[in-house]
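**Student:** Protein chains in written order, with our numbering: chain V, 1 to 177; chain U, 1001 to 1355.
Nothing false has been slipped in among the hints.
Label pairs and their computed distance ranges (CB to CB): (1) U/Gln1221 / V/Gly12: 52 to 58 Å; (2) V/Glu171 / U/Lys1289: 54 to 60 Å; (3) V/Ser164 / U/Lys1004: 23 to 29 Å; (4) U/Ile1334 / V/Gly88: 26 to 32 Å; (5) V/Gly12 / U/Glu1183: 33 to 39 Å; (6) U/Gly1111 / V/Ala157: 43 to 49 Å; (7) U/Gly1272 / V/Asp106: 25 to 31 Å; (8) U/Pro1045 / V/Gly122: 35 to 41 Å; (9) V/Gly12 / U/Leu1317: 46 to 52 Å; (10) V/Asp106 / U/Arg1127: 48 to 54 Å; (11) U/Ala1054 / V/Lys137: 50 to 56 Å; (12) U/Gln1053 / V/Ala157: 26 to 32 Å; (13) V/Lys103 / U/Lys1289: 52 to 58 Å.
Only pairs whose alpha carbons sit at most 20 Å apart, straight line, appear in this in silico EDC-like list of lysine to aspartate or glutamate: (14) V/Lys20 / U/Glu1003; (15) U/Lys1004 / V/Glu32; (16) U/Lys1004 / V/Glu29; (17) U/Lys1004 / V/Asp148; (18) V/Lys153 / U/Glu1003; (19) U/Lys1288 / U/Glu1316.
Calculated directly from the structure, the hints in this document are not laboratory data.
In this text, a Cβ means the ideal position worked out from N, Cα and C, and glycines have one as well.
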Amino acid sequence: MTKQILLAGFGGQGILFSGKFLAYEGLVEGRELSWLPSYGPEMRGGTANCSVILSDTPIGSPIVTHPDILIAMNLPSLDKYESEVVSGGKIFVDSSLIDREVKRDDIDVYYIPATKIASDEGLSGLANMIMIGFMLKNTDVCSYENVDATIEKLVPARKKDMISLNKKAIELGYNFK
Amino acid sequence: MSEKVLMKGNEALAEAAIMAGCRHYFGYPITPQTEVAAYMSKRMPKIDGVFLQAESELAAINMVIGVASTGKRVMTSSSSPGISLKSEGISYLAGCDLPALIVNVQRGGPGLGGIQPSQSDYFHATRGAGHGDSHMIVLAPASVQEMVDLVFKGFDLAEKYRMTSMILSDGTMGQMMEPVSLEIGEINEYDKSWALTGTKCEREPRIVNSLCLQPEELERQNFARFERYKVVEEKEPMYEQYRMDDAEVCIVAFGVASRISKNAIDLAREQGIKAGMIRPITLWPFPKKALSAAAGRAKAFVSVELSMGQMIEDIELAIRCSRPVLLCNRVGGIIPTVEEVLAKIVEASKVGGAE
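The following block holds chain U by itself, in its conformation from the complex (with noise of 0.2 Å):
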């Protein structure tokens, strides 16, 4: 193990984006990730990467498809409004099949919102965030270890499938310094037969492209990358099981409200209710089976949330309905006290009990 050091999880963030081979960054700064953008302003020209602030979000990602059409590990970070404007071009991203890693450290919204923390994008992220068919890969960290963590695996998994990835943070991850141990994994090398780096007039031309007007050929394109997602939906789910062992009552949470979760658990045994935790990391794909699995024991279920109940719904999904689904939440950057939680867990441990 590296030795710890203290950093801001956006500052993390960013260091383990240079460290996982990140040498492109394009942003355009936007409370509460603008440490994210500053950061790579005095690294990147110190290690010859290219750090540039854009005139606008939609100039960012468009840089940003340039570079991954290369084949080059590419970034861009933003916070929810900012995300909004992206979306183009991650729609853009997901027809040319490229790999690339977007950061969204949510803020409250609708429209310019606030800038506390919040996770009101869930859906905006885990539908496949601009128009069309398709879908990112959407990571949660709850921790600053977490930061680094997934963002050596959300670039890992961009390259593997080809897609776009998330890392779907808030304020309060962004914010928070915890103790980190900041140590580079394995990079491993996937096949890249499809960048464009120049034919040097030795093999025919590639082509990255989203346009394609022939209804025959775009189905096929569609039900091709489908194909892809259905082996991420089969393998990849990552997720935090948490006291779930005799889980009676069990939470479903990610980010700050897995952190806030915690304490409400802890709390919760000390009443003799027997609360466990499932906290998703990867909210697309969702662990659907290890939800399916928790069903079979727990007597009802609790999403904690920090939106107007939009997690709830694949909670519901995955369970097919067969228990009941509460909903603890608070919005507009306000975040669920321990006590509103544990309260929401001993309602459902009624609720639970009257089946």
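Next up, chain V with everything else stripped away, as it sits in the complex (with noise of 0.2 Å):
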């Protein structure tokens, strides 16, 4: 099984830490995996995105121009990306940033208002990772269980603060209804 998956935001949002997570749900499993990044100005308040390739043989390209999930933090990366995610495929949109529906009929789409949960939950700077553990519900791109093992091998030490905040994002994200 392969999965494409491609997360796409504002600069700042923590696009990149939230892909790397999913890299590093691949690493604990073992599975063959890529990461990469968008660089440059786009880094810097811009349009940020990441292409996470998860998959169980050797991966080719390692961009993502057509998702098999696409996790959409604002619009112009919704309006940008829709059109490109398979037929089938998923969407996940934060729907505190982003007041308009999906218009594709062919693909699965859930909404959750990522950042005003953040926000409300004293988690400000984490929308990233509750849309994470929204996709974990919603997809079996990776398993949950692994989560807390993920989480300790991506946050270094010395932010150790961050797992807790970073564990609780992730479940409140994988509970929401």
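Using the hints, put the two standalone chains together into the complex.
**Tutor:** As structure tokens, then:
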């Protein structure tokens, strides 16, 4: 099984970090994976995106142009990538920042006001991980069981206090109804 | 196998250099290779190594010449415009027959160009970079693992043949993360009786120099150097074959272009087109024999490159123009899509079929 995931939003939303989480999930599970960020001026305030591929076979191109899963955290990202998602794919929308619905009807769409939940719960800046938790719940990309191990691998020891906050954010997304 | 870790290509490359015994790094920041310098600045002071951000690329490459002349492993890295600046020093390294490792994480050009991935320094790297008759060993990684493996290889070949090795990478390879095994290979010991290590008044002084005003002597040096190059061309070409057993359309691609091409080949096979790829790992020496052998079965070749048709010349030379060679390229920082490569494979299968 190969899953091509595209995460997109503004620079500063932690798009690359949430992509890294998925990459580390792949590492923990011993799978083939690639993580490719956009880099350059767009990292400093413009749109940022990140290609993550998880697979059981060696990965060719690391660039995701037609994602199975799109995580859209702002309107320009949804506008840009909605049409690129493969038929039968899934889009996850941060509905607190995107005030339109997905137009396509050949894909599954999941809405969550991640940024609002984050600020309500005192997890400002962790909407990205709420999106990840929400995605884990609604896909079979990787297993929820490895979240703790992954977070501990990903967050450096000197930022220990961030470990529980990240876990909480993922949990909130995972349990969102 | 050591446990795999996740690292960016640029960082894995830097760590590999340290593991290979490099304790001297001189650089100057430029996107998209800055992680190499940043990583070195963190690691070198902890292991009694030298990290020095020079005042310019020219200064950095001349510092490389200084360390190289002592026989120590030394490295510099930059991106395209910075490598142009280093070219004078690269020629001096060749003239002095010094081993060194130079990393070029290419970006779009010419001029200052852009900061997105490119392969348009192909000619510059494979034709010897600086002035005068010379070559570098040019290694083109196509994964983060190869960023590590080819650093080992690059240092080894540089010392073995007293040449400069260049890692010709691109922004994608530098920025992407993949699981990588940081495993240290055997470090071979080569004769360094030329190295400037101080006579301690116990031996005759040695001279490392590229100035030679006697035409006969300079000619002799050039001929001797090219005898060595001939051995490299004979013994050291590296390449990977992908689905080539029965391939009628042969893609030639390196670095990120080869990764895209693998997907396109798989799709072409699903359509019944027998496509395969020869991926040069060394761009100089170019794997001429492998291509020439492939021309026996393949009806057509496709050069997939992020440049305006540079490698295509080496392909045509290698197969003596015996088959059509099509070009599939994007430039300026744009990477060809899988669909674009697939369309070219389909086109090539028809060109070849018409023969």
